[in-house]
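Chemist: Full structure from sequences and hints, please.
Chain by chain, the residues run as shown.
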Amino acid sequence: MKTIIALFSAVLISFGMSNAGNITIKGSDTLVRLGQRWAEVYMRENPGIIIQVTGGGSGTGIAALLNNSTDICQASRDMKPKEYKLAQKKGIAPYRVSVALDGIAIYLNKDNPVNELSAKQLKGIYTGEITNWKELGGKDERIILYGRENNSGTYVFFKEHILKGEDYFPYTQTLPGTAAVVNAVEKDVNSIGYGGIAWAKGVKDAAVKKSDDSKAVLPSVKTVSSGEYPISRALYWFFNGKPKGELKKLVNWALSPEGQKIAEEIDYVPLSPKQAQENIIK
Amino acid sequence: MGKEHNNDINPEYHFKRKSKLKEFIGEKFIAVNAFAALIAIMLIFVFIFKESIPIFTDAEVKEEASVGKMVFKQHFSEGSDAKWAWQPNSDTPKYSLMPLFIGTLKAALVAMLFAVPLAVGAAVYSSEFAPKKLREFIKPIVELLAGIPSVVLGFFALIILASVLQKTLGLTFRLNALNAGTALGIAIIPIIFTIAEDAMMSVPKSLREAALALGANKWQVSISMVLPAALPGIAAGIVLGFGRAIGETMIVLMASGNAAVVSASITDPIRTLSATIASELAEVVFGSAHYNVLFFIGTLLFVFTFLINLSGDFVLVKLKERLQGRMG
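Respectively, the protein sequence lines represent chains A and B. For the first sequence, position 107 matches number 107 in the working numbering, and the numbering has no gaps at all. Every position in the second sequence, counted from 1, becomes a number in the working numbering once 1000 is added.
Derived from the structure by calculation, the hints contain no laboratory data. Please note that the accuracy of each hint is not assured.
Said to hold, decoys possible - Just the calculated beta-carbon pair ranges, DEER-fashion: (1) A:Lys110 x B:Leu1043: 32 to 42 angstroms; (2) B:Lys1083 x A:Lys201: 31 to 41 angstroms; (3) A:Lys249 x B:Thr1092: 40 to 50 angstroms; (4) B:Lys1028 x A:Asp267: 23 to 33 angstroms; (5) A:Glu135 x B:Ala1037: 51 to 61 angstroms; (6) B:Ser1077 x A:Lys110: 46 to 56 angstroms; (7) A:Glu141 x B:Thr1092: 28 to 38 angstroms; (8) A:Gly56 x B:Ile1041: 26 to 36 angstroms.
Stated by the list, open to error - The list that follows gives simulated cross-link-like pairs (lysine-lysine, DSS-like), each with its CA atoms no further than 27 angstroms apart: (9) A:Lys215 x A:Lys201; (10) A:Lys244 x A:Lys120; (11) B:Lys1167 x A:Lys110; (12) A:Lys204 x B:Lys1167; (13) A:Lys85 x B:Lys1062; (14) B:Lys1167 x A:Lys82; (15) B:Lys1167 x A:Lys201; (16) A:Lys123 x B:Lys1062; (17) A:Lys139 x B:Lys1167; (18) B:Lys1167 x A:Lys134; (19) A:Lys123 x B:Lys1073; (20) A:Lys187 x B:Lys1167; (21) B:Lys1083 x A:Lys164.
A virtual CB, placed ideally from N, CA and C, is assigned to each residue, including glycine.
Modeler: Structure representation (C-alpha cells):
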C-alpha cells in the first residue's frame, strides 16, 4: 500500500513539476517570430521546460492575459486604459517589460528632392492637409500616399503616433504588405510610404525630425535602439504580477546580451544595453 | 429527325441489362449531385446573411453601423460637414458604403467600356466573316483568356499596365479605376465573346439564306439580320460579364489602389466592395460591428451577382426558345 502511495505521489509530483516548466506565450503577430526564436534557443539550453508561442495579435494576447489563459502576453502596444480597468476588475495586475524595439521608416522615391520630414509634416501629409510636395520644398506635384491595410499593426501604430488618432486621408492607397508599399514608392516619383526599417530597397528612407527644430535622423538599428529616431515603439511582454521563478529566469535571459543578440540576428531592433540592463527583474 | 430512327435499334449495340436496384441507386446518386450545388448555394447565402443580422437587431451594432448610417452622409464630428467615409478602424468607426459602391461601379463600367466593343467585335468577325479554319483558331484562343488566374491578371496590371497607362496618359495616380477596370475587362472578354458568338452562330441558316436570296450581301446579312436576331444573346453576355466584373476580387485588390474615395474621375484610386472584404475580413475582431458590416457587404454582393446572372440566364433561355420556335 505504501509503495502505491509513494508511486502515486511521485507521479503527482513529477506531473506538477513538468507543469511548472510549461510556459505559454501569446499575442502580437509582430513579435511572434522573436518569441518563437527565443523559445527555441531557451528550451535547448534548459531541457525540461516547454514554451508554447502563438500569435493572434496584441489584442488577443491581452485578452488571454486578462482571462488568465497565458503566462506571458506579447504586445506591440501598451494596454489601453479600458484594458487596465478591466484587468483591475478581474484581479489581474499587469506587469510590463519592454523586450525589444521596432522602428517605422518613411519611404520616398529616389528621384524626390525631399530628404527630410518632421513628425508634424508627416501628420499633415497623411491627414490630407499637405497635398503638394512644393509645400515641403519639393517639386510642384501632388503627393501620392501609400499605406498599409487597416488590419495591420503598423497602420494602427502610425495612426496613433503620427496622426495622433486622426483618420488617414481617404486618398491613401492601401496595399497588402510592406513589400508592396516599397514597390509602389519605387515606381511612383511623387509618392510616400511607410513600413519596417529593413525594407528600403530601391527607395530611400526619409530622415525624420521629432519636432521642427530638432535634428533629422535616418532610421537604422542603431538610431532606433538609441532612441534618436523618432518613429519607434517598444515591444512588450506583459505578466500577471511581477514575474517569479521560471518566468523571471526567462525574461531576464531574453533581456541578457545573448537574448538581445538573437533578436538582432532575426532583424528586430535590440534594446540599448543600458535599457536592457535596467529592465532586468531583480 | 431523331423520331424516325427511334424504333430501329442499331444491332451493333448490345446493352447489358443492369439490375433495377443499381439503376435506382445510380439515378439517385446523380440527383444528389445536382441538388448538392443548389443546397450549397442556399446554405452559403443563409450563413453569410446570418452574420450580418446584428446590423438590423443589435442596438450596440446599430449605434455604429445601421443601414441608414451606411447609406446616407453623416456628420462624424460636431460641426463638420456631412460626408461619406469608410474608416472602420477609426476612434469613431465610419462605415459608409457609398465610396465602395462608387468604386465598384467605376471599375465595372471601365471594364465594360473596354471589353464590350472588343468582345462583340471579335464575336461578329469570328461567326460571320472569319474563314472556318481561322474561326477554329480564334475561338479557343479567346476562350483561353478565361483560364488565366485573376491573380496573374492583377499582378500584370499592378506591375506593367499601371506604369504604361501612367506614362502614356500622364496620370497622377498609378493605381486607379482605369487601370483596374482595364485588367477586369481582359477577364470578362471571354465571357461576353463566347456567349455572343454562340448566339450568332445559333441564328438559323434558313434566315441567312432567305436574306441572301433577297439579294443582301454578306455585310448586310450580318449587320441587319444576324446581329438583331442574336441581340438578346449578346445582351445576356454583356450582363453576365457585368456580374463577373462586380464580384471579381483579386484584380481590383491588386490594381485599384484601394482608397475609399468619393469622386467621379476614373483616374482616381478606388476601393471596391469585394476587395474590402478580402483585405479586412482576415483580421477583423470576431462578432464586432466591423465583422457584421463585412458580412453585410458579402450579402449585398451575393444578391447583386445572383440577380444579374439570373437575368442574363433568363434572356438566354428566351432567346433559345425564340430561335428554335422560328426554326420549327
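Chemist: I'd like to know which numbered hints this structure contradicts. Please list them from smallest to largest.
Modeler: 1, 4, 6, 10, 14, 16
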